[in-house]
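One line per chain: the protein sequences are U and Y, in this order.
Residue 93 in my numbering is what sits at position 92 of the first sequence, and the numbering runs on without skipping anything.
Residue 337 in my numbering is what sits at position 129 of the second sequence, and the numbering runs on without skipping anything.
Take the hints with a grain of salt, since some may be wrong.
[Said to hold, decoys possible] Covered stretches of chain U, going by a simulated chain Y footprint (3 or more residues, C-beta under 8 Å): (1) 164-172; (2) 200-206.
[As the list claims (entries may be wrong)] Stretch-level coverage of chain Y by chain U, calculated; a stretch enters the list once three of its residues show a Cβ under 8 Å from a Cβ in chain U: (3) 213-227; (4) 240-253; (5) 315-323.
[What the hints assert, rightly or not] Straight line, CA to CA, 30 Å or less: simulated DSSO-like cross-link-like pairs of lysine-lysine: (6) U:Lys211 <-> Y:Lys259; (7) U:Lys211 <-> Y:Lys320; (8) U:Lys76 <-> Y:Lys320; (9) U:Lys76 <-> Y:Lys302; (10) U:Lys99 <-> Y:Lys218; (11) Y:Lys281 <-> U:Lys160; (12) Y:Lys302 <-> Y:Lys320; (13) Y:Lys303 <-> U:Lys211; (14) U:Lys99 <-> Y:Lys320; (15) U:Lys100 <-> Y:Lys218; (16) U:Lys211 <-> Y:Lys281.
The set of hints was computed from the structure by calculation and includes no laboratory data.
All residues carry an ideal CB built from backbone N, CA and C; glycine is no exception.
The chain contents come next:
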Amino acid sequence: MKRTKRKSPDAPPRSGSHTEVHTDSDLFATLKKLTEAHPTGGMARLKSILASLAREFDPSSVTMTSTNIPDAVHKLSRVVDETSEATQRVLDVVERQKKLLKEHDLHTASVARLLKRSPIDPDAVLAELEKTSTTVNGLHSLAHQIVEAQEYQDLCSQKIEKVIRLLSSLDDRLRLLFEYLNYPLTPVSAGEKHPEDADIDQSAADDILKRFGL
Amino acid sequence: MVPNVDVNIKILVVDDHQTMRQIVRRSLGELGFMNVTEAVDGMDALAKLQKDTFGFIISDWNMPNMMGLDFLKAVRSSESSKGIPFLMVTAEAKKENVFEAAKAGVSQYIVKPFTVASLEEKMTAIFSRKKPSA
């Protein structure tokens with residue numbers, strides 16, 4: 002993030018020259034200076050902001066609609082597991098579908114052969130059609146299992162939404178803290194990236210490879 | 209189908225995610241390639257390369273223990289494996305990464321999510337060249 006000289010209205014008064022901070026050690030030095038210069042008000046304000054940040058680690062802050070940092074880590078790990086399990090289930094179902102489709106092809110081919118015989122043996126045709134019906138029912142059942150495997154999406158999105166709320170809340174309070182310390186950050190739009198950090202698509206990757214003769 | 213490639217070619221698929229390995233294996237299966245060995249990361253893959261001979265490597269970029277780029281460099285630095293066609297697969301494609309991979313000798317680079325058709329296209333591009341990049 003870009004740092005600017007924007008002054009927060011909540012920032013404590015500073016005497017002397019304008020203080021700029023650009024590194025972590027600068028930040029801590031500024032913090033020390035501010036708390037020493039304003040032992041009562043400055044420290045109280047700082048403690049208040051830090052206390053609100055610390056609440057994000059408090060187990061009691063986990064509710065139906067909110068989470069805290071340790072819980073968020075656990076929730077995101079679960080999301081990884083659940084998406085992986087769901088994908089695995091779908092891949093397994095697709096493999097079973099492929100087998101059933103092969104069986105179905107064999108049965109329908111068999112029905113076609115039986116119908117070409119003269120005289121036609123109705124019992125044999127019916128027996129093959131029953132097998133076809135069984136494989137079709139099996140395919141319907143597997144299609145339903147694919148639908149069921151998508152249940153993870155709802156549960157995962159709830160977990161992710163809680164983590165997003167937590168990050169948003171942390172972002173707000175950290176910005177407050179930085180501004181208080183006269184360490185303001187330039188607002189960055191959601192999803193905005195430095196051009197060098199931006200993801201590229203396949204055609205852009207291909208263009209680069211072409212330069213290397215690939 | 210991929211022209212100029214024996215369907216029995218031994219392919220090494222390297223990815224730390226089992227699901228992704230399965231998707232790649234399945235995609236290769238769709239193209240007729242069934243002789244697939246899996247490795248969970250670059251270290252595991254290097255161990256497998258020492259024990260066996262492979263004709264093609266498909267590797268993820270982002271892996272624990274050894275990143276795909278380091279694995280590629282290790283493959284290219286070994287006399288026995290430097291000529292093996294190497295397809296890098298990545299979810300986060302950055303210009304710099306593609307440059308690095310190209311400089312390190314990657315044969316092609318594919319951005320996730322990919323289709324069987326795009327895998328076929330990349331394999332065709334790799335194997336239609338007279339010599340794999342080294």
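Here is what the structure says about each hint:
1. A stretch counts as covered by a chain when three or more of its residues have a beta carbon under 8 Å from one of that chain; for the segment 164-172 of chain U and chain Y the count is 0, and the coverage is violated.
2. Evaluation of the coverage hint for the segment 200-206 of chain U: fulfilled, as 6 residues show C-beta separations to chain Y shorter than 8 Å, against a requirement of three.
3. Counting residues of the segment 213-227 of chain Y whose CB lies closer than 8 Å to any CB of chain U gives 3, so the stated coverage by that chain holds, three being the minimum.
4. Counting residues of the segment 240-253 of chain Y whose CB falls under 8 Å from any CB of chain U gives 0; the rule of at least 3 is not met.
5. Under a criterion of three residues with beta carbons nearer than 8 Å to beta carbons of chain U, the stated coverage of the segment 315-323 of chain Y is upheld, 6 such residues being counted.
6. The hinted pair formed by Lys211 of chain U and Lys259 of chain Y fails the criterion: a straight-line CA distance of about 34 Å is larger than 30 Å.
7. Under the criterion of a C-alpha separation no larger than 30 Å, the hint pairing Lys211 of chain U with Lys320 of chain Y is consistent with the structure, at around 19 Å.
8. A C-alpha spacing of about 25 Å is found between Lys76 of chain U and Lys320 of chain Y, which places the hinted pair at or below 30 Å, so the restraint holds.
9. For the suggested pair Lys76 of chain U and Lys302 of chain Y, the alpha carbons sit about 28 Å apart, so the restraint of at most 30 Å is met.
10. Of the pairs offered as hints, the one joining Lys99 of chain U and Lys218 of chain Y holds, with about 24 Å between alpha carbons and a cut-off of 30 Å not exceeded.
11. Annotation: proposed proximity of Lys281 of chain Y to Lys160 of chain U is violated, straight-line Cα distance about 39 Å (limit 30 Å).
12. Of the pairs offered as hints, the one joining Lys302 of chain Y and Lys320 of chain Y holds, with about 12 Å between alpha carbons and a cut-off of 30 Å not exceeded.
13. In summary, the hint linking Lys303 of chain Y to Lys211 of chain U is supported, as the alpha carbons are separated by about 13 Å, within the 30 Å threshold.
14. At most 30 Å may separate the alpha-carbon atoms for a hinted pair to count; Lys99 of chain U and Lys320 of chain Y meet this at roughly 24 Å.
15. This hinted pair checks out: Lys100 of chain U and Lys218 of chain Y have alpha carbons roughly 25 Å apart, not beyond 30 Å.
16. A C-alpha spacing of about 20 Å is found between Lys211 of chain U and Lys281 of chain Y, which places the hinted pair at or below 30 Å, so the restraint holds.
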